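In the order they appear, the protein sequences are chains W and Z.
Residues 1 to 278 (the numbering used here) make up the first sequence, in order.
Residues 1 to 786 (the numbering used here) make up the second sequence, in order.
Everything labelled a hint here was simulated from the structure, so no lab data went into it.
Quick caveat, the model's predicted, so the values are computed rather than measured.
We put the CB at the ideal spot given by N, CA and C, even for glycine.
Take the hints with a grain of salt, since some may be wrong.
[Unchecked claim] Heads up, incomplete: computed chain Z residues facing chain W, CB under 7 Å, no partners named:
#, residue
1, A118
2, T276
3, E644
4, V689
5, N698
6, D703
7, C705
8, A710
9, E711
10, F715
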Amino acid sequence: MIPAGFDYQRASSVDEAIALLTEHGEDAKLLAGGHSLLPLMKLRLAVPAVLIDIGRVDELAYVHAEDGEIRIGALSRHHDLAGSELLRDQVPLLAEVAGQVGDPQVRHRGTIGGSIAHGDPASDLPAVLLALRATLVARGPGGTREILVDDFFSGFLETALGADEVLTEIRVPAMADAGWSFQKFNRRAQDWAIVGVAAVLSNGGGVTQPGVGLVNMAATPVRAAGVEAALGTGASATDAAARADEGTAPPDDLNASPDFRRHLSRVLVRRALEAAGA
Amino acid sequence: MIGDRLLRKEDARLVTGEARYVDDLQIPGALWMAMVRSPFAHARIGSIDASAALSMPGVQHVFTGPDLRDAWINPMPCAWQVTEDMKTPEHWPVAIDKANFGGEIVAVVVADSRYAAADAVDAVVVDYDPLTPVVDLEEAASDQVVIHDALGSNRSYTWTLAPDPAALDQAFADAAHVVRERYVHQRLIPAAMEPRGVAVVPSPYGGDITLYSATQIPHILKIMTTATCGVPEHKVRVVAPAVGGGFGSKLDVYAEELVAVALAQRLGVPTRWTETRSEAGVATIHGRGVIQEMEMAADADGRITGVRAKVLSDMGAYLQLVTPGIQLLGAFLFAGVYDVPTYHFECTGVFTNRTPTDAYRGAGRPEATYAVERTVDALARAVGIDPVEIRRRNYVQADQFPYQSAGTLLYDSGNYEPTLDQALELIGYDQLRAEQQRRRDAGETKHLGIGISTYVEMCGLAPSRVLASLNYAAGGWEAATVRILPTGTVQVVSGTTPHGQGHETSWAQIVADRLGIDPDMVEVLHSDTAISPVGMDTYGSRSLPVGGVAVAMATDAVLTKARLIAAHQLECAEDDLELVDGSLQVVGTPTKAMTLQEVAFEAFSAHNLPDGMEPNLHAQVTYDPPNFTFPFGTHVAVVEIDEETGQVDLVDYAAVDDCGNQVNPMIVEGQIHGGIVQGAAQALWEEAVYDADGTLRNPTLVDYCVPSAAELPNFRLGSTVTPSPTNPLGVKGIGEAGTIAATPTVINAVVDGLSHLGVTDITMPATPERVWSTIQAARGTGEVDQ
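I would like the entire structure built from these sequences, with the hints used as guidance.
Okay, here's the thing in structure tokens:
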């Protein structure tokens, strides 16, 4: 409830944020919507010495189409993504899931970049980006680089972002005519998923192969690689779903044991694939 | 007026933020307290090194238990000595040499700001010597490790109600059916929207103190402040400002209140503390924590001939204000709404190394109702009849009231079967049974379950003589004052202490109804012992059937005096006056009249009153009820159970309740809505989970699953009206009924939905993994899809 003391700096541009990160190094944390970081600080599970607020860097709040893909500014709020006509039309999976994050207050403050950079395996959006094989764009003192989503989540709440880098953009393929589904299993609407599944089927265009991302099935957001491989060889939804937990390491918490999560992943992947039209 | 759905007078200031809770109070110069709490469930306290904390900016003092021991003349109070030989551990606000639950206060940091105090807590170094924690209730009862050395046992008391043991034994010996059930009520965290808070302001001279607290019981707290801190009672003023819910958890005297008083006196400056949500999980009392062994005997037709209930009740580490008596509030109700001739109840209170338990919405009656209503369903299965039919066969019939129960209560009134009929109609029972069968025949994996519960409860605490017979330390009366002011508006001073119930609205309706005036002319004052010095506060669904009745009686007394004045001035006989729209008129001559406002001014000026009459128009009444009130009803829940995931969805719910005459049906419905949610929460969502070391694993609202509107259906509400003959308003309490009914209703639905698989029980809360595992066990298989 009462966080430890910290210094507060507000950045008005990406460049200023990078400069502040460079100045304060490992002691600093970026603050965007604050809906992951501030609760951790109030429980004193996170004790950053400096908060660099990028919440007003408006240059990073956008959604537009370019080169056959959809580019999303990292500071786009979940609520804005859920309501974006371009996204609803071209990447309905992402728009739908953005509308299911947390509760209305969280969706009005929380940002897609914050959710991705936090790297929480229990968050919904990382699984969606895995399913869509997204590309992430980061900017640091040395310039801009692209990171494939499969290379991004490196450990529990750890990512490939450098301490002096800002996640600026998320790029996903247009998937208008691809089958898709998101299955979120929880006890209360506002909760993180106990297990979640984001699935998209190939549309022969921007989505060249089926993608299945899992929520809360390991220390990082993970891809259901066994399912994707099975689908690639023409397996039925039921047969492919039987491989849902391959390569996962589900957590043990008050909501579910690892074995129950494995079971849920198989049920939910099957439902997702069936709903997507596999 | 009575019976109108008047919008609540309280709500504008609550929704605009005008209302002030304890934490909102601006108190210049106040020092903030933060509590150093034991991380261990059971540990000896060695040395405490506060030097690092004291060197931090803004930190003024750090006090340990021994530092403060002489600040109190008595330990923390327990007001309910349920048996002569009940064992009560000494309980000081700050632990002296041993911590007996995780979260017990071992030191107090006092600082200039809340932040400085919070920062310093981690800098206080306490040398703990951990002891074996006693976490499991049945292990605790075995006394392998005794928590309180001086008591020699973890068993605090055994309380027995055995009116006729020989008859009971005979009933079981003769029975065609005997069902034996074991039920576990998990610990629940009350989770009021506003955590607790306290602020104590000493007077600059004279030794008076004002204690602001988020409490349900300012009057009782005032007496207990005197009893523990030694401040003379007339020097203590207790104020409960806006209070954001309690559910029983603020019906207590807490360590933080007594520490704040002690330090305000010692330091001579205001002291204050606001609980954090995580602190509330361990520092505020828990509810339930009960294991029941239930036996029911019946004849071949399923007519119940006897009940025998044995209960273990988890006290936690200490006895708080009414901890040992909670199960006694349900002890008389283990036959429920049924005509059962023989009866046995016994309860043993046991200490564990966990947060103390105490009153939580329903307090004993949800536990009793759960045992009865689940066991009746088990009996229906044993006899082979529908749960509706088993209930019809056993109800106490309308012509049996007043009904003397084998459990020694006199049920003042009742008519149970119409509530069942109406509830079945509302929910569409026959169609649901057909749909349930269709799904089963089709082999579908989403099962339908229908659960029923008919309850009766005893509330309106309470007749003082009955409380005396139970060894409760206080009475159960309530006080009210009504004043018609010289300009005609009305002031009501209530001894009840609302913290969400809407007394300002309901009491205004009662007064306005009787005086024939606009309820906006009635102001209700409460929750400040300087304004309302006499009262017994709010708990046990007592406010309306005791306090509201006192308000009505005080109104009548004022009206009687007004009639005497009007008759005197209009020169007519008192019997010739009738009250019409707030005016006393001579019957048949409406022009010859005085408004109540005119009468009030005459009473104030006192120029022309009857000989010997005192001036002014006010009356105080203290009402001690002759009996409890006995609200009843039938609830029906419909659940869908996903066999593949174990998810239980509560998809429909009907509740038909009878609380006698309703003063404000909207407020009644609000109580029932919230009550159903809290009862369903025990069935499906909430549980305080401890690990083997006695550490609470889910003190935050992320992990402690209080449900929201998104998880619940719209409720179908109905009612019947059987006025209580016990009080002149014909009213009964309704604050706890929803909670009492809902838990067994929902669990009966879950068990019903899986009964074709052979499932007869499910542990609460019925989480997806539990339900799924139960199905697996019933099917005797591994995974369904493997």
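* Asked: Measuring from the C-beta of Z/T276 to each C-beta in chain W, is the shortest one below 7 Å?
  -> holds, 4 Å
* Evaluation of the interface hint that places Z/E644 against chain W, nearest CB under 7 Å -> For Z/E644, the interface hint holds, since the closest Cβ of chain W sits about 5 Å away, which is under 7 Å.
* Close enough to count: is the Cβ of Z/N698 nearer than 7 Å to one in chain W? -> holds, 6 Å
* Asked: Against chain W, is Z/C705 within 7 Å by beta-carbon distance?
  -> The hint holds - Z/C705 has a Cβ within 7 Å of chain W, the shortest such distance being about 6 Å.
* Answer holds if the nearest beta-carbon of chain W is closer than 7 Å to that of Z/E711; otherwise answer violated. => holds, 6 Å
* Regarding the hint that Z/F715 lies at the interface with chain W, is the smallest CB-CB distance below 7 Å? -> violated, 18 Å
* Closest C-beta approach of Z/A118 to chain W relative to 7 Å, hint status -> Because about 4 Å separates Z/A118 from the closest Cβ in chain W, which is inside the 7 Å limit, the hint holds.
* Measuring from the C-beta of Z/A710 to each C-beta in chain W, is the shortest one below 7 Å? -> holds, 4 Å
* Return the status of the interface hint for Z/V689: holds when the least beta-carbon distance to chain W is below 7 Å, violated otherwise. => Result: holds, 6 Å to nearest chain W Cβ.
* Asked: Can the hint on Z/D703 be confirmed by a CB-to-CB distance to chain W that is less than 7 Å?
  -> holds, 6 Å
Hint 10 from the list above is the single one not met by this structure.
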